[in-house]
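*Asks:* Residue strings, one per chain:
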Amino acid sequence: MSTDVQTIRQTTSSIPGKLPLSTALLWFCALIATASPWFGELSPLDLLAAFWTYNGEQYSSVLAHFSWAPRVSIALLIGCGLGLAGAVTQQVLGNPLASPTTLGVEAGGQFGVTVATLFAPALLTFSPDLAAVAGGLLAIGLVVALTWRLGFSPVTVILAGLVITFFMGALNMAFLLLKGEWLGNLFIWGAGSLVQNNWDPFLDLWPRVLAIGFALVLLMRPLQLLQLGQASASALGARVALVRIIALFLVVLMSATVVSRVGVVAFVGLAAPVLARLLGARTLAQKLIWSSLLGSGLLLLADTLAQWASTWGNGSLVPTGTTTALIGGPIILLALHSVRNTHHMPGQDSSPAGFVPVRRSTLIAASVIGALLLAIFILSMSWSPGLTQWNWTPVSEWGEAWVWRGPRLLAAILAGVALGLAGTLIQRMTSNAMASPEILGISGGAALVMVVLILTGTELGRAGQLTAATVGATGALGLLILLARKHRFAGNQLLLGGLALYVFMDAGLRLVMASGGSVATRLLNWMYGSTWLVSEHEAIALLALILALCAGLFLVVRPLTILPMGDTTASSLGLSVGRSRLILLMLAALLTAAATIVIGPLSFVGLIAPHLARVLGQQTVGRQLVVAALAGGLLLAIADYLSRTVIFPNQLPAGLLAALVGGIYFLWGLSRHGRS
Amino acid sequence: MAFPWASWSVRPASGYPMCIDQRHSFTRRACLAALLLLLPGIVAATSWQHEQGTLTLDKTPTRVVALNWAATESLLLLGITPVGVADKEGYAYWVREPALPEDVPNIGTRVSPSLEAIAELNPDLIVTSTEMAPAANLLEEIAPTYVISVYKEGARPYDKAREMLLTLGDILDRKAEAEAVLADISNTLEHQRQRLADHGLNNKPVALLNFMDDRHVRVYTSNGLFQEALDSLDLKNAWPHPGSYWGFSTVGLEAIAPYSDSRLVILEPIRPGLTDQLANSPFWTYLAPVQQDEIYQIDAAWPFGGVFPVKRIAVQLADALVKGGSDNVH
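From first to last, the protein sequence lines stand for chains P and X.
Mapping to our numbering: the first sequence position 541 is 541, numbers consecutive.
Mapping to our numbering: the second sequence position 72 is 72, numbers consecutive.
If you're looking for bench data, these hints aren't it; they were derived computationally from the structure.
Just so it is clear, the structure is predicted and the values come from calculations on it, not from any experiment.
Hints may contain errors.
[As the list claims (entries may be wrong)] Restricting the straight-line Cα-Cα distance to at most 30 Å, the calculated cross-link-like pairs of lysine-lysine (BS3-like) are:
(1) X/88 to P/179
(2) P/179 to X/152
(3) X/175 to X/152
(4) X/204 to X/175
(5) X/59 to X/204
(6) X/88 to X/204
With these hints in hand, go ahead and build the complete structure from the sequences.
*Replies:* Have a look at this one:
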């Protein structure tokens, strides 16, 4: 909220010329682009007339009136609504990263519709909004409840939102994996498609968007007061909490109404306000107006690109959600440079004292976790469901059972160890207890490369996969470090960078999912971890790799202790800063990549394991590494056991279960953090 | 939805004996292979080349596990009841025919079957596709594996499905059954073609569609399984582009508008409420096929199966075309 204190004084300043100019240019390009395929068939005037009339004799006129014109209109309308919602969200939370997408509203809406499709299809025919609004409210309700006590500390809100998004996404995926054939339309819907074949959706939607938009504009004055910060706003008589709640409720209504009709059109609500600010919108009124207009232009352009892409292909649908993500990613990256680092990130060194627990003996912590790990190992090897009933396998028969239960368990434990270590490395390197391979998009980088490989049909062995994943992880981590170096790894820049990477990965996923078929299911399975595919010699190779990397870790304990003190201190202590950082980077990337090919990019283990180690009282680098590794192994061992047994003979990917369990743990930890 | 089963019935499968066979361990087969090299001609083992290597068997398999629905269908057509299938509930809902006996155990989903469940069934043959390539070695450890992908980049599904049926007939000593099934299918196709020709109904292109929602359809393309039915019936596919290797494209409804000189055949299931949504859409009512009452609705047929859905859809298609179309789905 402090970002804008000085800008209040500039309220009278005029809009910079580039803002209207760029907006007009964007609109012009988008309109020309969307109209161009029609020029051969209809005159420009006829095309314009298609917005209100048509000529029943001429089919292209009917097509333009009932397909093209409503699609253009709905793109403009939805873009405007989402842009406005995004701008308001950013204002309410004083947060340049807030948007319906990053707060989990869209994932929540999708969750609501998925559940309704499966369990109450009649509800959807009755009212398409209801399920989506309920899901969206659930998501944002969770985010608000969890971050309430922290006064909506901006980065905490985004973290909670991201975790809720992952969490809801994981639930959606679980349904899709088990019931994919029944949810074919949700694959399309999840990717967002603006295809129209009459004016009804538009006519249905515009009064709602207008009403919600009007209500949001009415909130303008109280919202403006929020810019002064909570204390000053309260002193001036604004009921800060109430204003926030109402505004967020309206935002959810807006996004969910949109989402229930055209599917998830991600990142427009984030990109439009960011672009408006980049182009120089300063006052609240300016931000709201120009975000809406830019949102419209962006969405129309994205939708046109999607339409072109379908025509260039075999007519196969390219969902608009894909192109908005492709446009959104670079805009977020652009924002990296302009957003000032004034925000406090939870878990950074200045975190509340209550968050740092007492020291405890490493030996005790390690042996307790080790004992639990052993117990899970024994349970996993011996107590399993069969086709008729659950069986207890005596130790004498473990040799036979090992083939099916051992390698995957070992691989899961190793992936957990790797993520625990990688998470600790990254948290120490960035001096930030909320950083992790997942949240910073490092796993996403590894996954992105794998998605591309799967899309292009390249068949690689495990060694090839590991190399490719390492390249992806290193690239992502290197890019992040490059982008965030000048800000010394402060929260916003890292998160933004991670978010942008996540957006790109997301775009690829949406495209694959909308095309449907088993490629999508295969990809989803892999994305959430495929421990069941691990063979004995692969598990042993992984063991050797992890052991080698652990040996490498002994060399970096000292640099890792010194680096967070700052470059100057570090080099005066005789440390070669550049080289140590490079070694640390490579180690973290390699560990993340090794884990990602086993468990997929979306488990929260890299976030949770180091956190758990801290909670258990492990403060120094070496101790945290040991306990985090064990805790990570334990988490994934449990996840693998459950994934194999809970719905036998079906199985869920272990990473999916880890993400569900990890998500709950994270949210619980966050709420506890708030209370202390 | 009522599903009038086609009159042709598969050989009763339930009476087939399921004998307990000894477990084929990897080493035992390795020894056997070595033995075969040393003593050619003494043991009568037969080999088949498949997409991921060679299948060598010294006796006819009796306990077969199918990891996808095309394989399940082919086995049932040959009169063999698999001892385990992937996604059994889904088969009963989506494929339906030939019917799968109730008591066959499920071994998990089609994308990630439970290896332990497969091993517990102690099979002596596993039928799968290259979709399972990452698990190929693990499957080989359980039992000899026959790999054939009906759906694969650059392959013609019907040809592959035929090959699958014939090879399985060979492997399982059911050659005559395999040929009888294929003969029956081609007789049916020829009969239906004649029927359409007699009614003069094969001169206008046909588009085969599934509605995903009121705005999107899945259109079955010329590289898919159903194309075989269209070709045999002398019908032209109205959709000119190739699709994914599964033989379909997901498109917006407006994408079918340009193909005005065609009949639209809609495959069930139809979502509740779709009829009204379409009736209220001027875009739909202005479509040439709608205006000419050339919307035909047929029962679901599994578009990603083996040879059998071709027969099923051909019969239904001919029935629907002969019966005449309407202006909406119902």
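*Asks:* All the hints need checking, so say for each whether the structure fits it.
*Replies:* Hint check results:
{"no.": "1", "hint": "X/88 to P/179", "in the structure": "holds, 13 Å"}
{"no.": "2", "hint": "P/179 to X/152", "in the structure": "holds, 23 Å"}
{"no.": "3", "hint": "X/175 to X/152", "in the structure": "holds, 25 Å"}
{"no.": "4", "hint": "X/204 to X/175", "in the structure": "violated, 38 Å"}
{"no.": "5", "hint": "X/59 to X/204", "in the structure": "violated, 51 Å"}
{"no.": "6", "hint": "X/88 to X/204", "in the structure": "violated, 38 Å"}
In this structure, the hints that do not hold are numbers 4, 5 and 6, in rising order.
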